[in-house]
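Undergrad: Sequence:
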Amino acid sequence: MRTLAAPDFETLQTLLPVEIDRYRDDDALQTVTVVTPGDLAREEARRDLARRTGGMLGVPIIAFGDWIRNTVADEIGRRDGRELGEAGLGRLVARLLDESAPRPGRTEPFRGASRTAGLDRAVTRSLQDLRRGGWSARALGVAFRPAPDALRAELLRLLRDLESTLETERLWDRRRRERLAADSLRSRADPPPLIFFGFHDLPPSQREVVAGAAAAGPVTLFVPGPGGAGETAAVSLIEWARDLGS
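Just so you know, the sequence shown maps onto residues 1 to 246 in the numbering used here.
Just so you know, these hints were derived from the structure itself, not from any lab.
In this text, all values refer to a predicted model and were calculated from it rather than measured experimentally.
Note that the Cβ used here is the ideal one computed from N, Cα and C, for glycine as well.
Be careful, since some hints might not be right.
Said to hold, decoys possible - Cβ pair distances, simulated, as ranges:
1) 143 - 31: 37 to 45 Å
2) 28 - 169: 45 to 53 Å
3) 22 - 51: 30 to 38 Å
4) 245 - 133: 23 to 31 Å
5) 149 - 60: 45 to 53 Å
6) 153 - 51: 50 to 58 Å
7) 15 - 138: 41 to 49 Å
8) 74 - 153: 14 to 22 Å
9) 153 - 82: 28 to 36 Å
10) 73 - 145: 36 to 44 Å
11) 91 - 133: 20 to 28 Å
12) 60 - 8: 24 to 32 Å
Please build the complete structure, drawing on both the sequences and the hints.
TA: Now the structure itself:
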């Protein structure tokens, strides 16, 4: 994997068409996919690339989340699964909370908290943070044994229930999609080049995806840094990427 970093974003924008042309030395119509962190970055990359080049054929520019969905859509369908968006995940967590109502001999850690959408959102966000941070219920239970308090013990139990429900009901949230994408990309034969453009940092789950893509085919990572407010994150990402590419 190649890593290109510059402290100012304009330098990276200048280098993007150069890198695309490098991948097209032997085939002027080679597809080169550019993946951006989000929708705003995607639109900016599209406008700037068009302004600099007058337009390039075969260069789809897509936000990371949409690229993941496209990557795994066929496999999820083959497994008779369904994608679970943010709203659907919130409803699932609310259901799990309802199913965990107090029963004889069991303490209710949320006693005194109103069972409102606010509580549902707070629990959903906490579970998302754990999953996006790379934690499984098993790993969390080992790392924090015993649980520091009743509230975090309940979060661990809910994380176990969430993982089990996702499996049994064949539901795919963002974290499961990213894990499937990492495995799928790693097994592809001769994939077209990928450029990850404008990422200051990547959480562990997304680093797995990039590593999977780099294991199978050509990947370039454009990092706006080090320098400025995001210097620490950028340095971490650059070091990880260069270790991966070495």
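Undergrad: Compare the structure with each hint and give your call.
TA: How the hints compare with the structure:
At roughly 42 Å, the beta-carbon separation of residue 143 and residue 31 lies within the given 37 to 45 Å, and the hint holds. For residue 28 and residue 169, the hinted distance range of 45 to 53 Å is satisfied, since their beta carbons lie about 47 Å from each other. Residue 22 and residue 51 have their C-beta atoms about 20 Å apart, which leaves the hinted 30 to 38 Å range violated. Look at residue 245 against residue 133: about 24 Å separates their beta carbons, and that is inside 23 to 31 Å.
Our hint of 45 to 53 Å for residue 149 and residue 60 holds, since their Cβ atoms are close to 48 Å apart. A C-beta distance of roughly 55 Å is found between residue 153 and residue 51, which places it inside the suggested range of 50 to 58 Å. Separation of residue 15 from residue 138 is about 43 Å and conforms to the stated range, judged on CB atoms against 41 to 49 Å. As the Cβ distance of residue 74 to residue 153 is approximately 39 Å, the hint placing it in 14 to 22 Å is violated.
For residue 153 and residue 82, the Cβ-Cβ distance of about 30 Å falls inside the hinted range of 28 to 36 Å, so the restraint holds. Residue 73 and residue 145 have their C-beta atoms about 38 Å apart, which keeps the hinted 36 to 44 Å range intact. Distance hint check: the CB atoms of residue 91 and residue 133 are about 23 Å apart, consistent with the given range 20 to 28 Å. Residue 60 and residue 8 have their C-beta atoms about 26 Å apart, which keeps the hinted 24 to 32 Å range intact.
Of the hints listed earlier, those the structure fails to meet are numbers 3 and 8, in rising order.
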